[in-house]
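A.B. asks: Given chain A's structure and the hints, the job is docking chain B onto it.
2 protein chains.
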Amino acid sequence: MTSSVGLDRVLEPAGVLPQAAWRLDASPEISEDEVRVRVERLNLDAASYRQLSEKHGGDGAAIRAEVLEIVGARGKMHNPVTGSGGMLIGVVEEVGPRSPLGVQPGDRVATLVSLTLTPLRITDGLRDWDGRGEQVPAAGTAILFGRSIVGVLPADLAPELALAVYDVCGAPALTDRVVRGYDRPAVAVLGGAGKSGSLALAAARLAGARTIGVVRDEGEAVALRAAGIADVVVVADARNPVEVAAAVGEPATVTVVCVDVPGCEHGAILATAPGGTVIFFSMATSFPAAALGAEGLAADVTMLIGNGYVPGHAEFAVGLLRRVPAVRSLFEARLARD
Amino acid sequence: MTSSVGLDRVLEPAGVLPQAAWRLDASPEISEDEVRVRVERLNLDAASYRQLSEKHGGDGAAIRAEVLEIVGARGKMHNPVTGSGGMLIGVVEEVGPRSPLGVQPGDRVATLVSLTLTPLRITDGLRDWDGRGEQVPAAGTAILFGRSIVGVLPADLAPELALAVYDVCGAPALTDRVVRGYDRPAVAVLGGAGKSGSLALAAARLAGARTIGVVRDEGEAVALRAAGIADVVVVADARNPVEVAAAVGEPATVTVVCVDVPGCEHGAILATAPGGTVIFFSMATSFPAAALGAEGLAADVTMLIGNGYVPGHAEFAVGLLRRVPAVRSLFEARLARD
Numbered sequence: 151m152t153s154s155v156g157l158d159r160v161l162e163p164a165g166v167l168p169q170a171a172w173r174l175d176a177s178p179e180i181s182e183d184e185v186r187v188r189v190e191r192l193n194l195d196a197a198s199y200r201q202l203s204e205k206h207g208g209d210g211a212a213i214r215a216e217v218l219e220i221v222g223a224r225g226k227m228h229n230p231v232t233g234s235g236g237m238l239i240g241v242v243e244e245v246g247p248r249s250p251l252g253v254q255p256g257d258r259v260a261t262l263v264s265l266t267l268t269p270l271r272i273t274d275g276l277r278d279w280d281g282r283g284e285q286v287p288a289a290g291t292a293i294l295f296g297r298s299i300v301g302v303l304p305a306d307l308a309p310e311l312a313l314a315v316y317d318v319c320g321a322p323a324l325t326d327r328v329v330r331g332y333d334r335p336a337v338a339v340l341g342g343a344g345k346s347g348s349l350a351l352a353a354a355r356l357a358g359a360r361t362i363g364v365v366r367d368e369g370e371a372v373a374l375r376a377a378g379i380a381d382v383v384v385v386a387d388a389r390n391p392v393e394v395a396a397a398v399g400e401p402a403t404v405t406v407v408c409v410d411v412p413g414c415e416h417g418a419i420l421a422t423a424p425g426g427t428v429i430f431f432s433m434a435t436s437f438p439a440a441a442l443g444a445e446g447l448a449a450d451v452t453m454l455i456g457n458g459y460v461p462g463h464a465e466f467a468v469g470l471l472r473r474v475p476a477v478r479s480l481f482e483a484r485l486a487r488d
Numbered sequence: 151m152t153s154s155v156g157l158d159r160v161l162e163p164a165g166v167l168p169q170a171a172w173r174l175d176a177s178p179e180i181s182e183d184e185v186r187v188r189v190e191r192l193n194l195d196a197a198s199y200r201q202l203s204e205k206h207g208g209d210g211a212a213i214r215a216e217v218l219e220i221v222g223a224r225g226k227m228h229n230p231v232t233g234s235g236g237m238l239i240g241v242v243e244e245v246g247p248r249s250p251l252g253v254q255p256g257d258r259v260a261t262l263v264s265l266t267l268t269p270l271r272i273t274d275g276l277r278d279w280d281g282r283g284e285q286v287p288a289a290g291t292a293i294l295f296g297r298s299i300v301g302v303l304p305a306d307l308a309p310e311l312a313l314a315v316y317d318v319c320g321a322p323a324l325t326d327r328v329v330r331g332y333d334r335p336a337v338a339v340l341g342g343a344g345k346s347g348s349l350a351l352a353a354a355r356l357a358g359a360r361t362i363g364v365v366r367d368e369g370e371a372v373a374l375r376a377a378g379i380a381d382v383v384v385v386a387d388a389r390n391p392v393e394v395a396a397a398v399g400e401p402a403t404v405t406v407v408c409v410d411v412p413g414c415e416h417g418a419i420l421a422t423a424p425g426g427t428v429i430f431f432s433m434a435t436s437f438p439a440a441a442l443g444a445e446g447l448a449a450d451v452t453m454l455i456g457n458g459y460v461p462g463h464a465e466f467a468v469g470l471l472r473r474v475p476a477v478r479s480l481f482e483a484r485l486a487r488d
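These protein sequences, in sequence, are chains A and B. First residue of the first sequence? That's 151 in the numbering used here, and the numbers climb one at a time after it. First residue of the second sequence? That's 151 in the numbering used here, and the numbers climb one at a time after it.
Simulated from the structure, these hints should not be mistaken for laboratory data. As the structure is a computational prediction, the values presented were derived from the model and not from experiment. Any given hint might turn out to be false.
Any copy will do: because identical chains look the same in the list, a pair fits if it lies in one copy or spans two.
Unchecked claim - In the SDA-like style, the derived pairs of lysine to any residue whose C-alpha atoms are separated by at most 25 Å in a straight line are:
hint	residue 1	residue 2
1	K205	P401
2	K205	P163
3	K205	R366
4	K205	P230
Bound-form chain A, shown alone:
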């Protein structure tokens, strides 16, 4: 097991897993069960990009410089403030003889594990990126371990679209699983017009739920209503608990948090019925705020840390995109804006 989770790539501190490491060895030579990918594009985690953008007041050159600095210092794109990363796409360059991943040199793939644990070397100074969006054209190399997850890109989706879907594909799969555990549930999704949010809404509806999309402004409400995946669309500031609870109305059976800003825990808890479940997918979620918030509100709700891995999650998300063209349109519109 030792090498398959990447322990040999950890430079400091010793003995931790790659995700917990401060610094990885990103050298391109692979061991027997590793795979080297020639990087084409990074997709930064939304919380990470937002933090960088706010820190630098939207200055693209400064954002780019900091991304290069992080990757250079850590051997991975692991934002030290948000603790989050993102994903990448590229072409398989070399496959170790003992790799279990089932890919071949030349395959165009997306990594389905986080950039926070993926050894990464950037060789082009990110010269083709203006620093103004989460999608980062890049040249360099990335390493996949034996125990990893990788998806060959579907032929019917643009790579940018596939990457954006894969980045959040844990959300619809886990939402589907949780929603099917309830009888005739109502599902509220905070951030319902976003990427993970719209997929979660589509998954909940296909699983038989009544769906409530909570969005931040009228523009998003119009887009989400047009998509037709929410039975009700309401506008509320997800960071304002009283506003969220009032907007949702009758408490939801399942509340899914897909808003990548801090401070959404209490609204989600207040909006959820006793015996219900809150699924937190935002990397901006604070563990103590959720745990103590539920206790402080005497709220008997199950709170799930949104696991980015559910078996078959990538295929499930791509299937949703094919079955629900409106979700695909939301994604494409969002990518066009980025």
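C.D. replies: Showing chain B alone in chain A's frame:
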């Protein structure tokens, strides 16, 4: 609903719930549905006390000064670094005419909501506390809101013991609920010799599970073996994922994290079988480390944020203490050391 969750006590920022607030109004005058408690003792959250103690190198006077500073500045004992608080005991002094809590002036009570949302005023400068333990003799006033949880102290338990049990009573109740959802589960508890850990082990065993206690050293192992609540006791550093997984051996159905130090997420995930559940009770848990760790390990496990509130949790925990004298002994030994 507005006043019952304490919104009127929030001074800044406006519009958030008391737990999320930077500063509360801790003035002793109560509104119609509030209760004022004359404080006798605070029980600081373990993660919070540890952080303060490490910061000040165990200097009791400096620790005490910082606690006073936090309470003075924030109107509550809400450690700004760990985000955690603790609980208190005291005597009910005044009950608003519309309070739903069912207590009377003179009742000796423990608050079962966190200190992070409890308006608190300290009036004795904590002069009876040497700063060297989590149990803090204190004089002052605390406010309980309408929507709160409070427990009258049981006559057969010393107040310090009841407070220590109530502080962690969410852990055994939630462990019981989760364990009963599996058939013939194996339950591993990281930090099994501690307060929440020993209660979780006792609850798991009474729910029919095979139990594995993971502790940090041979001293704890001896104590836990003597208590007889774990079928197997193993020693491992909870922050070392490979060590934890090796110590647990055959992956557990349910892993309960009760170790109040950062960095235990990956070991818990690695030690848990596919389809299993990890319950995080430590306030030192990092949300991104857990979410990205499970993804990075391609681990299909359900991860729960340990909700401090389960209906009946206080009575359940006190009942465990009465049924399993060894757990009571572990608690009493720990309190004697503090």
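A.B. asks: Up to 25 Å between alpha-carbons, please classify K205 paired with P230: within, between, both or neither.
C.D. replies: both (13 Å within a copy, 22 Å between copies)
A.B. asks: 25 Å Cα cut-off: does K205 pair with P401 within a copy, between copies, both or neither?
C.D. replies: Close neither inside one copy (36 Å) nor across copies (42 Å); limit 25 Å.
A.B. asks: Using 25 Å as the alpha-carbon threshold, which applies to K205 and R366: within, between, both, or neither?
C.D. replies: within (22 Å within a copy, 40 Å between copies)
A.B. asks: From the Cα coordinates, with 25 Å as the cut-off, is the pair K205 and P163 best called within, between, both, or neither?
C.D. replies: between (27 Å within a copy, 21 Å between copies)
Of the hints listed earlier, the one the structure fails to meet is number 1.
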